[in-house]
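Visitor: Sequence:
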Amino acid sequence: MEVWLKELTSILHYHKMHAIKFNPILNSTLGDIKRVISQIHSTKLVKTMATTSASSPIPSLKSRLRNGDCLYGLFFDSFSPTLAEISGHAGYDFIVIDMEHGYGGIPEALSCLNALAASQTPAILRLPECSAMWAKKALDLGPHGLMFPMIHTPELAKEAVSYCRYPRGGVRGVAHPIARASKYGLDPTYLDWCEEELLIMCQVESEEAVHNIQEITAVDGLDCIMVGPTDLSANLGYIRDPGNENAVKMVQTVENAVLGMKDKGDRRVYLAGFAMPHDEPSELKKRGYHMVCGAVDIVLYRDAAVKDVLKFKTAV
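Using the numbering used here, read the sequence shown as starting at 1 and increasing by one per residue.
Note that these hints are calculated values from the structure, not bench results. Treat the hints with care, since some could be wrong.
Computed list of lysine-lysine pairs in PhoX-like fashion (alpha-carbon distance at most 20 angstroms, straight line) [claimed, not checked]:
hint: 1; residue 1: K313; residue 2: K249
hint: 2; residue 1: K136; residue 2: K158
hint: 3; residue 1: K286; residue 2: K249
hint: 4; residue 1: K307; residue 2: K249
hint: 5; residue 1: K249; residue 2: K62
hint: 6; residue 1: K286; residue 2: K311
hint: 7; residue 1: K183; residue 2: K137
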């Protein structure tokens, strides 16, 4: 609590320095705010606030993967905060908020993150494309992971990692004093852990990417390879047949490359995949996948709705 108050005081000083000629009202009230902080120090309110805010933090996805857990998740395309909250309470280990094919962008993703916070369910944001702009906006929301689609080469993988690192290790824009990711500047430890605990995922979804898989997995800072079976099969000419044996062989090549990697010190590259009708979630788990996505929220609701209607229509 003491650290929190100290950080708040420093933030107020920062804004005072930058607001003198723009906002006289802020300057006149700054002293009152600081006096309230002093009163908090000297009252039982400190103890009360510390107790009510002492909820256990959500374990990072990377910490669970390091512990050897196999994580089960859901792709989330509807961007419904209500369904997001239900999905979290249902017990999924993580939710992938899909900004590539889903119906929302940054504002809608924020609503889903807030809904998932009710069940302390980690969220991964899948970006529409591999770009610094999308990564910057997504990271400021505070997801546990970022998924970059269509990573065909090691050069693209390196770019993706650089978008997730502050200078000089990367090119991420600096706005942590006001971002949700740092509790809007109220978490003074954010810079200490944000890069270490962020799960950086690159999707392998083309024949070119499969041919480059060894070089892609060798990129420093990349944490996880996510196989994209539908785009991969389409890239091979089997858009209507993702279970084609040639597409399956390509997936196996990726599996062998990632699972066959030897650990390099503290670094480990994990394997994630999406279950298909010809490849059930349990099968991916048996083959050693570290993260498995078994469904899409829209499909779950669609199938349940169709089943419900048929049950009534076919009743005698």
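Visitor: Give me the numbers of the hints this structure contradicts, sorted from smallest to largest.
Guide: Hint check: 1, 4, 5 and 6 fail, others pass.
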